[in-house]
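Below are the chains, spelled out letter by letter.
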Amino acid sequence: MLLPLNQLSPSGRAAVYGLWLLALACLAVYVAAVITGLRIFSGSDGLQLLFGGLFLVPVWLCALRAAVVRSQVASAQREADGAQREADGAQREADGAQREEDGAEREADGAQREEDLEESILRSAGEGIARLDNDGVVTFVNPAASRMTGYAAGDLEGRFLHGRPTNRREGGGAYEDEIHPSSNSGNHAQDVDLYWREDGTSFPVEFTSTPIIGGSGQSQGQVIVFKDITDRMESERVKNEFTSVVSHELRTPLTSIRGSLGLLEGGVLGQLPEKGQRMIAIAVENTDRLIRLINDILDIERIKSGAIDIERGECDSRGLSEHVVEEMLPMAHEANVELTVACQQIKFVSDADRIHRVLTNLLSNAIKFSESGATVRVSCELSQGMVLFQVSDTGRGIPAEKLAAIFERFSQVDASDSRDKGGTGLGLSICHTILEHLGGRIWVESEVGKGSTFSFVLPLVAPAPKAVGPVEHSASPSVHSAVPLNDGEDSRTGDSLDFQRSDASERVVLVVEDDADLAAVLAAMLGRYGIKTLIATSGPEAISLSRRVRPDLLLLDIRLSQGDGYEVVEWLRTHVSSGSLPIIVYTAIDLDHQSRERLRLDGGTTEFLTKAQTTPEDIEAHVRRLLGAASEDRVGVGVDAS
Amino acid sequence: MPHRHILLIDDEDDIREVASISLEAVGEWRVSAASGGRDGIAQAIAGQPEVILCDVMMPGIDGPATVGLLKDDPRTAGIPVILLTARVQSTDHLGFDLLDVIGVIPKPFDPMALSGQVEALFEAAQESGTTS
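Residue numbers (the working numbering), protein chains in the order written: chain A, 64 to 705; chain B, 4 to 135.
Accuracy of the hints is not assured; some may be wrong.
Residues on chain A that point at chain B, a partial pick, calculated with CB under 10 Å [what the hints assert, rightly or not]: (1) Ala153; (2) Ser307; (3) Arg321; (4) Gly322; (5) Glu328; (6) Ile354.
Simulated from the structure, these hints should not be mistaken for laboratory data. The structure presented is a predicted model; accordingly, all values stated were derived computationally and were not measured. Glycine included, C-beta positions come from ideal geometry on N, C-alpha and C.
With the sequences and hints as input, model every part of the structure.
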């Protein structure tokens with residue numbers, strides 16, 4: 064086999080070139096000889112051929128030789144190359160091994176560095192960090208957690224962070240051993256609580272708990288990150304105290320001033336001359352304005368600081384609107400403004416007094432800024448799962464550049480408004496603040512010269528107000544419809560329960576909801592249909608009640624102040640002896656398929672309703688439908704006594 | 004018809020004077036006034052008013068403490084008490100719910116309306132049987 068020349072070694076190539084030169088030289092001699100021969104032996108073709116053939120022998124010999132040499136050289140070259148490749152391969156192998164070794168070293172170094180970094184982060188973190196297992200037992204704490212609680216790291220491990228010894232209820236009573244609320248729900252949770260130090264003193268904390276989900280999707284515990292909020296609470300306390308003192312100190316002299324002026328204006332102390340009456344009227348008007356201003360400022364501060372509680376109850380959108388409109392009629396008549404109401408009746412859970420305040424402020428503004436003869440419309444409807452209220456006027460409108468700031472304090476479209484219209488510039492800010500606390504929001508659409516529409520939306524269930532410190536539990540579960548609740552296993556009561564249904568057709572719904580206000584609202588609603596309601600505010604309470612009273616339906620929240628909805632369903636799965644118990648899961652958590660499956664009893668119906676997107680009427684309808692369907696299964700159903 | 008008797012307890016002289024004139028002139032109440040809790044309790048025992056209007060923030064024995072002492076004493080326990088306070092607003096009576104009072108009137112009050120407010124609370128309490 065012939066190799067291309069460029070693949071031969073330099074010496075091989077020289078030999079080949081030499082032979083080829085020799086062959087060319089022979090060819091040249093042959094050509095010269097042929098020419099000479101033709102001249103000598105012209106006309107003789109046979110001699111020419113013979114002569115030429117004789118000359119060709121050395122040429123072809125040379126060419127053959129060149130090919131042989133070339134082949135030999137190529138073979139030697141191949142051999143040499145093979146050896147070289149082998150050597151290179153061995154080198155590469157050696158390099159690879161070295162690289163692997165280096166890689167392993169680098170990996171080990173990297174892991175070590177990462178570990179060091181993680182450790183240094185945990186060590187230097189200002190917030191307490193603890194890892195709990197699925198039973199709520201501490202398996203790790205960082206130095207900040209130890210420092211805050213006063214426990215050495217080793218002393219906390221193996222104990223309950225949200226149980227004894229670090230956490231007791233306000234007043235020192237111990238929690239029952241409990242799993243933290245977020246442990247099974249698979250969700251990130253944030254809350255405030257009271258932690259207890261080793262020396263028995265307590266401190267308020269704000270904490271975040273995040274579940275640790277393993278590769279199989281199962282919870283492997285949770286990470287609690289907490290910080291001491293003593294300073295924040297103290298500053299809030301001072302601020303509240305200041306607000307209270309200012310409120311008192313400003314109002315006390317105003318009480319005397321307003322009272323004196325009121326008596327003069329009312330003619331109780333005799334009639335004043337006309338000019339005197341006019342002066343007194345001005346003084347009264349401005350005193351009232353000052354009082355409104357102080358009240359509004361204090362209101363904003365108090366609502367923001369949480370000093371005013373949000374009291375939730377059942378609200379009726381139409382009833383609220385009509386009530387406010389009725390109250391504003393005198394003002395509207397005075398301004399010659401017509402008020403109209405077009406409201407859908409929606410039942411929802413919120414603070415009626417605060418919504419009343421918002422509607423009053425909006426309606427008052429709308430009347431103030433409407434021309435005589437104009438109409439102000441109040442409407443409400445269900446929109447995208449929320450209650451939408453709108454107050455529309457045909458007044459002067461708000462310039463676009465003022466719209467963004469309209470809900471800020473002391474924001475007036477025109478600086479003279481507070482003087483001319485008697486407003487404080489705080490009304491819309493108060494509306495904004497109130498609605499924020501009720502889980503809603505407010506906005507405005509306006510066109511100069513054509514009017515404005517103020518709209519606000521509220522969730523169907525207002526969020527529960529946050530409070531520092533654990534949710535207090537009553538010694539016995541709450542109950543409606545006079546159902547006795549002594550727990551045979553509960554040492555606090557000692558008596559056994561002897562629950563009797565007053566008649567066989569009586570339906571009992573167990574409401575498991577740690578939001579006491581919401582539970583009460585649900586109970587009141589269901590009570591209207593003759594449905595008895597038992598309320599449990601925790602998982603253990605729900606289980607305790609289910610031992611003694613077999614409910615016909617379970618209305619279940621997942622995240623509870625103690626335990627969670629999963630443990631209730633788990634208990635029922637193993638203790639409900641026959642038949643199936645319909646369950647309505649009523650929760651704010653988005654549940655994945657796996658979580659939903661955990662909430663189904665064998666052969667039972669579980670329906671899922673989303674809090675804040677489901678009207679109380681919807682819940683009523685679901686409960687009644689499911690109770691109707693379940694009534695046929697009632698006979699022979701019982702609960703194991705175990 | 005004899006005028007009904009009301010006891011006003013407030014540490015502020017000016018407010019006592021204004022409220023007294025208001026109650027007497029507008030509501031035709033017979034008004035006794037005390038400048039503090041201790042004096043108020045003594046006057047309540049001696050005078051047996053039909054209703055007591057008591058300020059909340061006072062030096063010494065404050066309003067809630069005065070109410071507690073009045074309710075603990077069988078001689079005054081049945082007299083209905085209304086709190087008069089600059090600490091709260093009309094829609095915000097939280098914190099007083101646990102006190103045994105028939106109502107709360109916020110300061111500043113309208114002197115022409117004060118008597119009517121007192122009467123309304125007094126009558127509502129009588130109807131519901133809160134008072135003795």
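Structure-based check of each hint:
1. Interface restraint check for Ala153(A): the shortest CB-CB distance to chain B comes to about 88 Å, outside 10 Å, so the restraint is violated.
2. For Ser307(A), the shortest C-beta to C-beta distance to chain B is roughly 6 Å, which falls under 10 Å, so the interface hint holds.
3. Taken as an interface hint, Arg321(A) checks out: its beta carbon lies about 4 Å from the nearest beta carbon of chain B, inside 10 Å.
4. Of the supplied interface hints, the one on Gly322(A) holds, with its beta-carbon coming within about 3 Å of a beta-carbon of chain B, less than 10 Å.
5. At about 8 Å, the closest approach between the beta carbon of Glu328(A) and any beta carbon in chain B falls short of 10 Å, and the interface hint on this residue holds.
6. The beta carbon of Ile354(A) comes within 6 Å of a beta carbon in chain B, closer than 10 Å, and the hint placing it at the interface holds.
When each numbered hint is compared with the structure, a violation occurs for hint 1 only.
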